[in-house]
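A.B. asks: Each chain, letter by letter, is given below.
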Amino acid sequence: MKYLDEYRDARVARGLIADIAQRATRPWVLMEICGGQTHTLMRYGIDELIPSQVELVHGPGCPVCVTALETIDRAIQIASLPGVTLVSYGDMLRVPGSHSDLFHVKAAGGDVRVAYSPMEALKVARANPQRKVVFLGIGFETTAPANAMAVWQGAREGLGNFSMLATHFLVPPAIRMLLESPRNRVQAFIAPGHVCTVMGYREYDDLSRKYRVPIVVGGFEPVDLLEAISMLVAQLEQGRAEVENQYVRSVACEGNRPAQELMDKVFEVCDRKWRGIGLIPQSGLRLRAEFAAHDAERIFDVAATTTEEPAECISALVLQGLKKPVDCPAFAVRCTPEKPLGAPMVSGEGACAAYYQYRRPTGKQG
Amino acid sequence: MCLAVPGKILETKEENGSRLGRVQFGGITRQVQLDFVPEAGIGDYVIVHVGFALSKVNAEEAERTYQLLEEMGVLDEELGLGRQSGMAGGESGSS
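First to last, the sequence lines map onto chains A and B.
Okay, so the first sequence: first residue is 3 according to this note's numbering, each after it adds one.
Okay, so the second sequence: first residue is 3 according to this note's numbering, each after it adds one.
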C-alpha cells in the first residue's frame, strides 16, 4: 500500500479497495479507454492496490497517440510550405511522423506555434491576414466541440486565411472494434468521463446490451476510478451488463446538448484510420462540405506518404489491451519519451509514457 | 488530452457573438468560452477543456479536483502555462 498514504481520501480509497477485494471471486479484465485515466491509475498505483485477479489493461484513448502517421506527415508538409503558420496543441509537436516531427520543422525556421485553445489560432489568423493559418485539430469527442467552434467562428467572420486539419476520433466505434476482435480479453469498460460530459452515455447502451459487457462512466480522481472498478466488478460478479454513471458530478445522461449541436453543424461522421490499429469504420469526424473553404485537407494538396512504423514498436498491441508497455523489448531501452519509437511514448497520457514515468524498472529491482 | 480543469467564473461578457467568461484557476485567471454552458453564471464553477467550459460543477468538488490536478502536475499543460510569452508562467500558487 505504498501509494495509499498520498490519497486525499485515504479512508474512502481503503473502503473501495476492500469492496473490490470482497466482490472479486475470479479473474476479470477491465479496460479504461482514456489516457488521462491511465495516467491516474499509474500515478496512484491503483493497479497494484486492487486484488491481482482484477487486471487493468489500457485502451486507445490518447488522441495524440492514435492520430494517423499520414496526418502527422501531412501536417509536417503543410507547416513546411512558405506563408503557412501551423498552430497545434503542444503534445503534437514531438509526435514522430515518417521522417521528422513538427518540432524539427519549427527548429528549421518553420512557423509552428503552440496553443492551448483552438480560439488562439483564430487570433493568429486575424492578426496575420497575409499568412495561411492552419490549426491541427485533433481529439476525441471532448475536444471536438471546441474545434468545431473555431471553424464555425472562422466561417462566420469570413476569415479566409484560417483552416483546420481536422482529425477527430469517436470512442464507441473503438470499443466495438475491440469487442469484435477474436483476440479480445476485455470483459468490462470504464467509459471516459469527459467524452461523456459532451456526449452523454446513451450511445453506450447498445454496446453493453449487444456484447453483454458492463460499462461504467468514470471520473479522473483515484477514488473515482476505484469506485468505477468496484461498480464494474459488482456487475461482472452478478452477471449484469449495464451502463452506469460513476462521474455524476460532471456527466448527465444526455450530455451537453449545445456542444453536440455545434459538432453536428460543423462535422460529419467518417471512417478513420487510427495509428497502431488501422481503419475503424465510422469512427471519426471530418469537416462538412459547407466548410470546405476552411478544410486544410482540401486546401493544401499534399499527398500522404505511407511509411511503416518501426517494426520493434508494439504499440498496436498495447493500444488494444493485448500487451502491456513493459512487455515491449524496446521499452525504456530504445524507446523513451526523449526518443520515442511510437506515439504512446510521446504524450504524457500515452500508456507507454505513463509506465515509463511510474513503472520503469529501476536498478534496485534488477 | 481529455483532462478538464475546474475554475470559477468571475465575470462574463459577449464578444463576436460568443459568451466569454473570466475564469479563475487557483492563482491565475483565463478567458474561457461559455457557449456550451448557457446555464452557468458569475460565481459558478465550470470544468474547462482547451478553453471551453463543458459542464457546471459544485464548488467543493471543483476545489478538490483542482488541488488533485495540481498535485498530479498536469495543470500547466491543460492551462497552456509556461509556453506563450505574456502568460502567467506556471507559478499557479504551487504549495
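In short, the hints are calculated from the structure, not lab data.
Be aware that one or more of the hints could be misleading.
Just some of the chain A residues that point at chain B, by a computed CB distance under 8 Å [as the list claims (entries may be wrong)]:
no.	residue
1	Gly47
2	Tyr118
3	Pro120
4	Asn130
5	Thr145
6	Phe222
7	Lys326
Straight-line C-alpha distance at most 25 Å; calculated SDA-like pairs for lysine to any residue [to be verified]:
no.	chain 1	residue 1	chain 2	residue 2
8	B	Lys15	A	Gln155
9	A	Lys134	B	Lys10
10	A	Lys341	B	Gly19
11	A	Lys267	B	Lys58
12	B	Lys15	A	Lys341
13	A	Lys125	B	Arg21
14	A	Lys125	B	Gly75
15	B	Lys15	A	Arg128
16	B	Lys58	A	Glu205
17	A	Lys267	A	Ile279
18	A	Lys275	A	Arg242
19	A	Lys125	B	Gly19
20	B	Lys58	A	Lys108
21	A	Lys212	A	Pro184
22	B	Lys58	A	Ala254
23	B	Lys15	A	Trp154
24	A	Lys125	B	Ile30
25	B	Lys58	A	Arg204
26	A	Lys125	B	Asp37
27	B	Lys15	A	Ala157
28	B	Lys58	A	Asp266
29	A	Lys341	B	Gly75
30	B	Lys10	A	Ala254
31	A	Lys267	B	Asp37
32	B	Lys15	A	Gln262
33	A	Lys134	B	Glu17
34	B	Lys10	A	Pro184
Backbone N, C-alpha and C fix where the C-beta goes; we use that ideal spot for every residue, glycine too.
A.B. asks: All hints, please: hold or fail.
C.D. replies: A quick look at each hint next to the structure:
no.	hint	in the structure
1	Gly47	violated (13 Å)
2	Tyr118	holds (3 Å)
3	Pro120	holds (7 Å)
4	Asn130	violated (16 Å)
5	Thr145	holds (6 Å)
6	Phe222	holds (7 Å)
7	Lys326	violated (21 Å)
8	B:Lys15 x A:Gln155	holds (17 Å)
9	A:Lys134 x B:Lys10	violated (35 Å)
10	A:Lys341 x B:Gly19	violated (44 Å)
11	A:Lys267 x B:Lys58	holds (23 Å)
12	B:Lys15 x A:Lys341	violated (45 Å)
13	A:Lys125 x B:Arg21	holds (16 Å)
14	A:Lys125 x B:Gly75	violated (28 Å)
15	B:Lys15 x A:Arg128	holds (20 Å)
16	B:Lys58 x A:Glu205	holds (22 Å)
17	A:Lys267 x A:Ile279	violated (29 Å)
18	A:Lys275 x A:Arg242	violated (33 Å)
19	A:Lys125 x B:Gly19	holds (15 Å)
20	B:Lys58 x A:Lys108	violated (38 Å)
21	A:Lys212 x A:Pro184	holds (16 Å)
22	B:Lys58 x A:Ala254	holds (11 Å)
23	B:Lys15 x A:Trp154	holds (19 Å)
24	A:Lys125 x B:Ile30	holds (21 Å)
25	B:Lys58 x A:Arg204	holds (20 Å)
26	A:Lys125 x B:Asp37	holds (18 Å)
27	B:Lys15 x A:Ala157	holds (22 Å)
28	B:Lys58 x A:Asp266	holds (22 Å)
29	A:Lys341 x B:Gly75	holds (22 Å)
30	B:Lys10 x A:Ala254	holds (20 Å)
31	A:Lys267 x B:Asp37	holds (15 Å)
32	B:Lys15 x A:Gln262	holds (23 Å)
33	A:Lys134 x B:Glu17	holds (24 Å)
34	B:Lys10 x A:Pro184	violated (47 Å)
The structure shown violates the earlier hints numbered 1, 4, 7, 9, 10, 12, 14, 17, 18, 20, 34.
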